[in-house]
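What follows is the residue order along each chain.
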Amino acid sequence: MSELLAVRGLNAWYGRAQVLFDIDLRVDAGEVVTLLGRNGAGKTTTLAAVMGLIPGVRGDVHFGGASISGLPPHRIARLGIGYVPEDRRVFSDLTVDENLAVGRQPPRPGAPSWTPQALFDLFPNLAELRRRRAGQMSGGEQQMLTIARTLMGHPSLVLLDEPSEGLAPRLVEQLARALGTMKAEGLTILVSEQNPRFARSLTDRAYVIEKGRTRFEGTLADLDARPDIRDACLAV
Amino acid sequence: MDFFVIQALTGLASASSLFLLASGLSIIFGVTRIVNFAHGSFFMLGAYMAYTLTTMWSGPLGFWGGVVAAAAVVAVIGAVVEIVVLRRIYDAPELFPLLATFGLALMTEDAVKMIWGPQDLLGPRAPGLEGAVTILGHPFPAYDLVLIVLGPAVLGLLWLFLRRSPWGVLVRAATEDRTMVAALGVNQKRLFTGVFMLGVFLAALGGALRIPREAVHHAMDMEVIVEAFVIVVIGGLGSVPGAFLASVLVAELNAFGILLFPKISMVLLFLVMAVVLVLRPHGLLGRPEAAARASLGVQEEPWRPMGRAGWALGVALVALLAALPLVADAYTLTVTTEILIFALFAASLHLMMGVGGMVSFGHAAYFGLGAYGTALLVRFFGAPMEWGLLTGPALALVGAVVFGWFCVRLSGVYLAMLTLAFAQIVWSVVFQWTEVTGGDNGILGVWPGRWASDPAVYYMLTLTLCAAAVGAIRHLVFSPFGQSVRACRDSPGRAESIGLDRRGLQWLCFVLAGGFAGLAGTLYAGLKGSVFPDVLGIPLSVDGLVMVLLGGLGTLTGPLVGAGVFKALAIEVSSATDVWKLILGTVIVVLVLAFPEGIVGVWRRWVRPRGAGS
Ligand SMILES: Nc1ncnc2c1ncn2[C@@H]1O[C@H](COP(=O)(O)OP(=O)(O)OP(=O)(O)O)[C@@H](O)[C@H]1O
Ligand SMILES: [Mg+2]
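Residue numbers (this note's numbering), protein chains in the order written: chain E, 352 to 587; chain U, 7 to 620.
I should point out that these hints are in silico values taken from the structure, not numbers from a laboratory. The C-beta atom is built at its ideal place from N, Cα and C for all residues, glycine as well. Heads up, some of the hints might be wrong.
Claimed, not checked - Below, a sample of chain E positions facing chain U; criterion: calculated Cβ distance under 8 Å:
| id | residue |
| --- | --- |
| 1 | F372 |
| 2 | L404 |
| 3 | L422 |
| 4 | P424 |
| 5 | R440 |
| 6 | S443 |
| 7 | L445 |
| 8 | E449 |
| 9 | A452 |
| 10 | G454 |
| 11 | Q456 |
| 12 | R500 |
What the hints assert, rightly or not - Short, incomplete list of chain U residues facing chain E, as computed with Cβ under 10 Å:
| id | residue |
| --- | --- |
| 13 | I121 |
| 14 | Q125 |
| 15 | L166 |
| 16 | R169 |
| 17 | V175 |
| 18 | A179 |
| 19 | A180 |
| 20 | M186 |
| 21 | A188 |
| 22 | A189 |
| 23 | G191 |
| 24 | Q194 |
| 25 | D446 |
Please model the entire structure based on the sequences and the hints provided.
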């Protein structure tokens, strides 16, 4: 499989406090890779750094073979990386349709392309709410909307930051199914989670980070064989 | 009754031009978070440009075409300004763009004088609309009727544009969360330029439409900018319908205030703003800003007390200043005294802004109260000015206690505007209460007693008091009180959850800052020997902001350096040339572009670099 995203020696700072130390990551085309870690481990920082949203970073990020370090976020997005932030940053004043319109980009050769109709099939709840203002939707519906909005840009890689956080179990299942469809369409996914149970069946490989350092890399089966890591670094 | 109707209609006609101005300001702020101080300048440029074009072209087409073309030309100028200046500093600390736009406003004022001359210009009237129509038996200008229709029409167009066009949807999205819009692949730079152009176009159109009603002159910018801020804040930042409502409110207040309450006509506007903000902290139609999203990856450097070297340097500087009377002449001493006073003024503003996190657009209020607290004592009790060293700061403290109580209930730009409102209220009271304050004629003869009448002695008195006060501010910053206030500034929620009384702490900080400013004002009164309403005016508040921002907000040294540089520059440049505003404005813009962290911030970065990765 070909390498789609490669992160090498990523360091990040907030002011003078260093929070990431030489993070290495690799995501191959078509894979679902899970980034595991406790509260404050550095998952959000890692994903935001890949997206170019953090000024204080050093390290190498390659996407599709080309370096994207130092590019502004909109250029990175246009190269085909979709970003779904952890705190559901929907545009609360805009309707569902308008939220989707903000995410719209021209189709990208080689990446699965999405129409609003396809997205409403993926997230049926949204279909009835098209004219609803996003601020008046439930947390779960907003989570669906942020993902759908990102898919409107036809990304080839999606960075999903803790998508299941705070969702009812029924919605978590629905979300996992949607991820399955996305993977089946050929989308590559890097998803951060605190708990390896989410989307376990979809996950090809996982990384565990703790206090800003990579502590483990391998399949979830490998991880099961390492109770020390599980107990020390994960909230299970 | 009829008369009231006519007056109300006149108000509505003024409201239209105000609305164009304010909606532009509001849209620009909403998306770019820039408090565009130069917005009044674009309004003025629109008027001048329209004057030129409409006198050159004739006929209805010439007039209306000239008006629209003028706005378009100014919009292009706006785009150039955005690309050349503002684009480089969006990531700089919050208020830096404000400083840059202030510099631009200064430049424009002199540039306009150079191009169009200093005299008032009367533009043509709109062809076919020169006359009056009769309404309820009274004549009413036909052009005003057109304006009355134009306001709501533009509101409708803007509404449609923001709701229905794809670009409008992006603008609304970016008003909420511009980082997210960028992460979705939208080029922020282009969006910002576009928004800025639209805002400038509206402002310039507002100015252009004024020419048939009043003469064009080079002080228009400052006249309208404050009104525009007031409108935007009353209406709610970023809300276009809010701007419309507030424009009508303000225009009607202007139309009726002078008739119904001539005594307090000038206070009225600011009184209404203060009431609105106290009742609705986010304006009439504004919504609370999403709990300030700590932007990823930005964190303040922790503050540290000066090392031993710093102390030594401070002591050496004071010693050096104390030796100045040995070598300097009276003029130099007087100038240096003034600089010292403004250093204290800037330091007190720093206490409020940098430490307390409360931006003030009206810090002159406390400076002025200090000055008047002294002057009134001299005038009514014949006491020498020294006694004012007690009454001046005391009056400033009282003002700060009252105003601060209201202000700490707000935050961000709203708080800043409320401080401005209070300052303007005080200014208007002083200006209109002639029997007590002497109004525009001021109070003269505020001299210190004979022992301090020598410039060298007064200089030493000032140096002693200012050094002591700055030392006290320094001490406060690193005291447990200062640490608590800074905790409230950085994360209000967390500070409150660990049991800090945020409002109480900020209030105390506000009051202390006001007291120190009052001391500066007192010393200023004694230095000049007279007090005029200027000591309460907006220009002085703005000067304070410029000094603090120029030096850098992050350290106490910053404002001191900023005050020294700014004041020295202002005194030097204004005595050497007629176009000092142009020069000063240029210097400010260049400094902002070159040192987006302030002079002292850059010093720290180069001389003592710390922290990696940034
Ligand atoms: N804006 C910020 N300023 C300063 N420090 C920050 C900031 N954001 C995060 N941090 C710190 O950086 C570290 C990594 O945070 P990050 O948000 O990346 O963790 P996370 O793994 O996403 O945690 P969570 O599971 O809670 O979302 C934490 O120690 C956190 O306290
Ligand atoms: Mg996180």
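Cross-check of the supplied hints:
{"no.": "1", "hint": "F372", "verdict": "violated, 12 Å"}
{"no.": "2", "hint": "L404", "verdict": "holds, 5 Å"}
{"no.": "3", "hint": "L422", "verdict": "violated, 11 Å"}
{"no.": "4", "hint": "P424", "verdict": "holds, 4 Å"}
{"no.": "5", "hint": "R440", "verdict": "holds, 5 Å"}
{"no.": "6", "hint": "S443", "verdict": "holds, 7 Å"}
{"no.": "7", "hint": "L445", "verdict": "holds, 6 Å"}
{"no.": "8", "hint": "E449", "verdict": "holds, 5 Å"}
{"no.": "9", "hint": "A452", "verdict": "holds, 5 Å"}
{"no.": "10", "hint": "G454", "verdict": "holds, 5 Å"}
{"no.": "11", "hint": "Q456", "verdict": "holds, 5 Å"}
{"no.": "12", "hint": "R500", "verdict": "holds, 7 Å"}
{"no.": "13", "hint": "I121", "verdict": "violated, 38 Å"}
{"no.": "14", "hint": "Q125", "verdict": "violated, 47 Å"}
{"no.": "15", "hint": "L166", "verdict": "violated, 14 Å"}
{"no.": "16", "hint": "R169", "verdict": "holds, 9 Å"}
{"no.": "17", "hint": "V175", "verdict": "holds, 5 Å"}
{"no.": "18", "hint": "A179", "verdict": "holds, 5 Å"}
{"no.": "19", "hint": "A180", "verdict": "holds, 9 Å"}
{"no.": "20", "hint": "M186", "verdict": "holds, 5 Å"}
{"no.": "21", "hint": "A188", "verdict": "holds, 4 Å"}
{"no.": "22", "hint": "A189", "verdict": "holds, 5 Å"}
{"no.": "23", "hint": "G191", "verdict": "holds, 4 Å"}
{"no.": "24", "hint": "Q194", "verdict": "holds, 6 Å"}
{"no.": "25", "hint": "D446", "verdict": "violated, 47 Å"}
Comparing the model with each numbered hint stated earlier shows that hints 1, 3, 13, 14, 15 and 25 do not hold.
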